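Participant: Here the protein sequences line up with chains A, B and C, keeping their order. If you're matching positions, the first sequence starts at 3 in the numbering used here and goes up one per residue. If you're matching positions, the second sequence starts at 4 in the numbering used here and goes up one per residue. If you're matching positions, the third sequence starts at -18 in the numbering used here and goes up one per residue.
Take every hint as true, because none was put in to throw you off.
List time: in silico DSS-like cross-link candidates among lysine-lysine, alpha-carbon distance up to 25 Å:
| id | chain 1 | residue 1 | chain 2 | residue 2 |
| --- | --- | --- | --- | --- |
| 1 | C | K(-2) | C | K158 |
| 2 | A | K369 | A | K277 |
| 3 | B | K58 | B | K12 |
| 4 | C | K29 | B | K58 |
| 5 | C | K78 | B | K63 |
| 6 | C | K174 | C | K58 |
| 7 | A | K277 | C | K58 |
| 8 | C | K111 | C | K58 |
| 9 | B | K69 | A | K210 |
| 10 | C | K(-8) | C | K26 |
| 11 | C | K29 | B | K34 |
| 12 | C | K29 | B | K71 |
| 13 | C | K29 | B | K12 |
| 14 | C | K84 | B | K58 |
| 15 | A | K393 | A | K277 |
| 16 | C | K176 | C | K186 |
| 17 | A | K130 | C | K84 |
| 18 | C | K78 | B | K58 |
| 19 | C | K158 | C | K(-8) |
| 20 | A | K130 | C | K78 |
| 21 | A | K210 | B | K63 |
| 22 | B | K63 | C | K84 |
| 23 | C | K174 | C | K186 |
| 24 | C | K14 | C | K158 |
| 25 | B | K69 | B | K12 |
| 26 | C | K14 | C | K(-2) |
| 27 | A | K311 | A | K274 |
| 28 | A | K274 | C | K58 |
FYI, nobody ran anything at the bench for these hints, they're computed from the structure. As the structure is a computational prediction, the values presented were derived from the model and not from experiment.
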Amino acid sequence: MCSVYLIGESIISALGTSMDQNMQHITALEGGIWTDSPSTNGNPIPQHLQSAPSLNQLALGFINWQAVEKEFITNTIPDTYTRFEKLLLLAINKAIVNTGIDTGSSKTLFILSTTKGNIELLNEELAKQYPNERIQLWSSAQEISRFYGNNNTAIVISNACVSGVMATTEAANILRNSNYNHAIVIGGDIITNFVLSGFLSFQSLSNKACKPYDSERNGLNLGEAAGCLILSKDIESDIEILGGASHNDANHISGPSRTAEGMYYAVNDALKYSKIGANDIDIVSTHGTATAYNDEMEAIGLSRLGMQKTPIHSLKGYWGHTLGAAGIIEIAALSWAMKHNTLLPTLGYKNHGVSKELNIQQEAETKEISYALKVASGFSGINSALILKKKGGKK
Amino acid sequence: MTKEELITKLKLEIIEALNLEDIEPEEIEAKEALFNEGLGLDSIDALELIVLLDKGYGLKLDDANKGKEVFYSVESMADYILAHS
Amino acid sequence: MSFISSYIHIKDKEVWKDNTLIYSNTEGISNNKFYKLLYKQLAIKYMKFYKMDELSKLGLLASEYLLEDRTLTSEFKAEDIGIVLMNRQASLITDIKYYDTIKDATNYYPSPSVFVYTLANIVMGEIAIKNNFKGENIFYVQEHFNAELIHNHTERLLQRGSQQALLCGWLEVEEDKIDGFLYLVENSAIGLKLKHSIENINILKNQ
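Next comes chain A alone, as it looks inside the complex (with noise of 0.2 Å):
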């Protein structure tokens, strides 16, 4: 069976517009999250948003859209797209811009991984401004493959928070396995009225930038994001996407399992595909959440893995939890830590709070890395995992 390589990538986040920006202030342990405390780091309150209840007290990790918005009339984006597309279509042109690939081709696939996509237009007065279906999610990857000049049915992947390391999955899948050549997997999702107040009302977040493992953690951030990845099967490059799986704790549907089922099943599934063992990984991107209970179950099921000793980062205290967009620009980030041979530093974890010993990496550290594991889990009880390869790593 063919190879499918990750040519191409782009992260925009709360630390900055660039894959250059994101990644200096990762390894420089430099977070994005916003509190209203006077010493905080992140981008302001967008505009649109200033009049959103309950905004106080909590830590969010905002675009900058100022900045956003004047890259969009530098991209010649236009205002026929809403906020939420203008962002992927960014995102799109960033991770596209060095890999020479036709997007208007027959054998390029659209994949659109998201939660709620134009969920803002619920809002009758923006509604306006837009054709009735373009709430819908299908519409907007339409809409979005449309100004790449691509006629192909654009595919679309809603499956909660495991949305992106799935899209990216079965991205690679189809490749594998059909005429197309190249696959534009885009996730995104923007901070809404919506969507805060639903996670307020789980009573999830927390008030202060997140502390995933730690012992004082106590709750998520909320981000936004969006971010691309390339992957073909015609052109080469360093990161190769091996196996990935999917599977369901069958326990709750906005709990994580206690005994972390899905995940275990997910990561060997994951192996067994990519013809490696849990020893071959030598870093795990992890959910990392920074809820009580995610955290434990990661712990719980790294352990059973075995892959107790294995370093992980979790990427959430710089940018938080962005949802539809996690999957995709973590798996960015950990091929630019591939691609760099480094391993990148966890934000917020001081004092080990989970059941079960963790390897967690603290600060920025040179090792070769031949494997990578990215893991997601997810409301509905899914729990996704990824590998990647490196061109000339060991095996």
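Could you slot chains B and C onto chain A? The hints should help.
Facilitator: Positioned in the frame of chain A, the structure of chains B and C alone reads:
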């Protein structure tokens, strides 16, 4: 409103807020634990009870640990409401 | 080689199973009343049912009819039973219901029990929990029913041996329309013994 009246009212409100369609108010014992096997309630129901207290009685309950105490039974909910309004 | 062993189609107020009409209601009742009638007809005792949103109710009912005479977990390992679903509107009908709890600043009481269903894939969690299916899940959102996408994904999972049985289909709920189509794919030829092909899936869906 007497405590008895409040308990009767709460039972109806709980049935509606938590979509307990097949349950009659008489089936909920005021002193019995709400979060037991019988009603099949879970963590999302507990969060919905917080909304019920806020919406119906103007009482904000942000501390999850406090919630366990308050939502132990219909009677404990009634006691909490009476003590705080 | 894989086969479709059974299918269920809940369309408007009718329930079809393997080409036979097994239930219909012509009284012009609401969707929710209809779901309740099906729930009673199936005689399942599952309190959580009433807490579900429309999409999850439809998915759960369809899966109950589909698996009425089967216990997949006694035939296959839990982690080998997957779910592959698709629809057009994702969770929009519930999104609107949730938005109603927050759109008015003077009556702002976000409902957690509605919010949790503002993700289309929750229905897969509900079916997985009810049946203890721990296999692969994926939820696609497409403008139209795309049998090819579902078929190809399902075949890849069966061919690499990771999954032994998969519940697949389309679950769409609109205010005055119900379209719940689920079918069971497995490696052995039982029940309908219909070859698992894009063509056959489309034939069943359009029947």
